[in-house]
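There are 2 protein chains.
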Amino acid sequence: MTNECIISLSDMKNINALIITIGDELLIGQVIDTNSAWIAQELNKIGVWVSRRVAIGDVYDDIWQTLDASVESDAEIILITGGLGPTNDDITKPLLCKYFGGKMLMHEPTLAHVSYLFEHIFKRQMPLLDVNRKQAEVPDVCKVLKNDIGTAPGMLFEKNGKIFISMPGVPQEMKFIVENSVLPLIKERFHLPYIGFKTLTTAGIGESALADKIKDFENNLPKHIKLAYLPNHGFVRLRLTTQGEKSEVENDLENYFERLKAAVKEFMAIEEDISFEILLGRLLKEKNKTVSTAESCTGGYIAHLITSIAGSSDYFMGSVVSYDNSIKENVLGVQQSTIEKDGAVSEATAREMVKGVLQIMQTDYAVAVSGIMGPGGGSSEKPVGTVWMAVGNKKRTETKMMKFRFDRKRNIELTAINALHFLCTFVKNDN
Amino acid sequence: MTNECIISLSDMKNINALIITIGDELLIGQVIDTNSAWIAQELNKIGVWVSRRVAIGDVYDDIWQTLDASVESDAEIILITGGLGPTNDDITKPLLCKYFGGKMLMHEPTLAHVSYLFEHIFKRQMPLLDVNRKQAEVPDVCKVLKNDIGTAPGMLFEKNGKIFISMPGVPQEMKFIVENSVLPLIKERFHLPYIGFKTLTTAGIGESALADKIKDFENNLPKHIKLAYLPNHGFVRLRLTTQGEKSEVENDLENYFERLKAAVKEFMAIEEDISFEILLGRLLKEKNKTVSTAESCTGGYIAHLITSIAGSSDYFMGSVVSYDNSIKENVLGVQQSTIEKDGAVSEATAREMVKGVLQIMQTDYAVAVSGIMGPGGGSSEKPVGTVWMAVGNKKRTETKMMKFRFDRKRNIELTAINALHFLCTFVKNDN
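Going line by line, the protein sequences match chains F and P.
The opening residue of the first sequence carries number 1 in the numbering used here; numbering runs sequentially from there.
The opening residue of the second sequence carries number 1 in the numbering used here; numbering runs sequentially from there.
Because the hints were derived from the structure by calculation, they are not lab data.
Careful, some of the hints might be misleading.
[Stated by the list, open to error] Listed next, the in silico DSS-like pairs over lysine-lysine satisfying Cα-Cα at most 30 Å (straight line):
1) F:Lys-265 / F:Lys-428
2) F:Lys-409 / P:Lys-287
3) P:Lys-285 / F:Lys-382
[To be verified] If you want a taste of the chain F side facing chain P, the calculated C-beta under 10 Å gives, among others:
4) Glu-42
5) Asn-132
6) Thr-151
Since the model is a prediction, treat every value here as computed from it, not as a measurement.
From the three backbone atoms N, C-alpha and C, an ideal C-beta is built for every residue, glycine too.
Please put together the full structure from these sequences, using the hints given.
Written out as structure tokens, the structure reads:
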């Protein structure tokens, strides 16, 4: 297949979206914007690119001006979140009403829904106030998009051939409206290209070295396939994206992904776009085995990652967080002499922790970590960031020392993710 | 003191900042932008408002156009993050060089630093490549801002009386440059107003009902004090902000904060701007007491929150994550008959879990949770979101049932934070 028969990125008209988030809470840094990332992912899956994201405060002129700029932009779809709460500082709805030339009126189905929520769901915790009733008022020029789980509905406006959709900023309400109204509506209205993704995760190699290693592969990629480097927590994910007519580009994506896998073989950690905790779950379910954790420095974070996956109760039995040395000794059975001789952060201690938790929880596999996350607790011999980890089953144990050089939060995250990687590799290779 | 003698928000010239984040990874939703929130918080503390945040991709025209728009904007300070990596898709540095009319040249101190990092810190894990050496090249029209912990330095440009600062997107590198160069530089250059904040957290009341309850207080606030509602995880934080000359506005802030505290007295959870895990640490340190957790449905997340605080090893001994019922029985000593009769998610089980972990970990206090986080595992009697929690010491135990109605992730977070609130209240009231 030659490149000529491929509809390339530039030949096909892209559908662009612009995301506007409204609310002082985003500008003062009180809230981290997770909505935009989620929306972008969902749009990408159906072939819509987000070309720009803008966050502005609850300031009349700023909102108006941003709407003006988006009317002039290259985006066909403008998604607006936030600014629809019941309190006085939320000025977005009346502004949208004026901007699109409408009048406010009570939307009876929404009012019925809001009343139902207050009567049957919120119950006596929250009385229905006038401000809540007002949430059922909408501009008469919009199409109302149902919000089954909250009081503020979504609203669809049109101008200059573009669609403007306003949604509340509460993540689960925004998600409900996107999934149930926005995505179906976009798919119906626009002729969208097929977008294909394939992602893998590498371990033990930095972004620059990886780029150097696969530069030939990258240089030989056809125009309709793009390679992206996505470094995350010390691992680098590589993603191939293709766009065009499905029948024409799908095979190419498969082929080049196989070549990419071959090119990074010795650094391969995960062959698809899933996290280590999901991979662990799959491996354990396949083998019908169980796991437990013994955590010191990660304080339960590994167990938290494992149990963030629905259905993890099938294979995760539990954890001992042995933060204090007395717990390492009394609950996990680490020898007092081991801690005295080698220290709590040592290969021997990690080894005995794994052994202990395997025994207590009666699991097939276990992982243990002991380290110094900072800012305090470091020494010249064992500086902050030093971690010993051990994985094992009843027959054998493997250990590993790692050093991280970040702040407490990131050291904890890196330790947990590397421990999961270590555990996955052990489980995968165990026969 | 009358309002006239106060320099109000509108009288005093505000210094505005604009944050531009560059990188496709933000627009495809692969990365959640935590940088902007952190930068906004740091700027707010010194009296700079962020009036707008814009995220754009690695697209030449988009970057150029956004720079043009920021030259025309009301912002005096433009902070740019991202787009400075070693790979080919990072086009920001040459673009900035052209935009500000400079030529690229090797910055020798940066090259020396990059070489040092590769030789002494990264060591053999990563060889020094040409692409890395290139990171030490900077436009000759910029002032270099040192990045001690990474390879890409910060760069300061000036145009039309505004300052433009470009930084790498890696959070800890960006933070290093902001703390060590950007904030001192802004404080030196601009006459900044004093900004005062006071924040409290309420529990057990929704945003609308709270707004209704304190509407008189809110209506009587002087112009230079603003009230913000910050709902988070089912708690509502209230923040008063004042701005002006320190000597003039500081007393007012104190006075109005005392009035606010009185107005929300029965719903008060935390009287200052700290999290429940920090409050818990303070209470336990004051009392010189210890704590442990027994977690089923939260899977270690409560322990993780507690240990996210530096110094928590002073009071946190450890945790048993008893995900499987066998662990509840065999490790925590919950009676088999209790689980058979009342179920794992029950008052009796939560009570025995607390008792068990207090015994095993020999702590003064403990908290236990058992619930159904979803999506599976619910029943008509105990639907998804049902949680039993217990807190106690050697003498007595208190229990509580809660119901959450969100997805798994959020149910886990809400359970953990409410359990910490329950624990804090118990510890505070215990004499």
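Against the structure, the hints:
Simply put, F:Lys-265 and F:Lys-428 have alpha-carbon atoms about 16 Å apart, close enough for the 30 Å limit, and the pair holds. Proposed proximity of F:Lys-409 and P:Lys-287 is supported: the alpha carbons are some 26 Å apart, at most 30 Å. Taking the CA atoms of P:Lys-285 and F:Lys-382, the gap is near 27 Å; set against the 30 Å cutoff, the hint holds. Contact between F:Glu-42 and chain P, as hinted, is supported at the beta carbon level, the nearest pair being about 8 Å apart and thus within 10 Å.
For the restraint placing F:Asn-132 at the interface with chain P, the shortest Cβ-Cβ distance is roughly 6 Å, inside the 10 Å limit, so the hint holds. For F:Thr-151, the suggested interface contact is upheld, since its CB lies about 9 Å from the closest CB of chain P, less than 10 Å.
Comparing the model with each numbered hint stated earlier shows that all of them hold.
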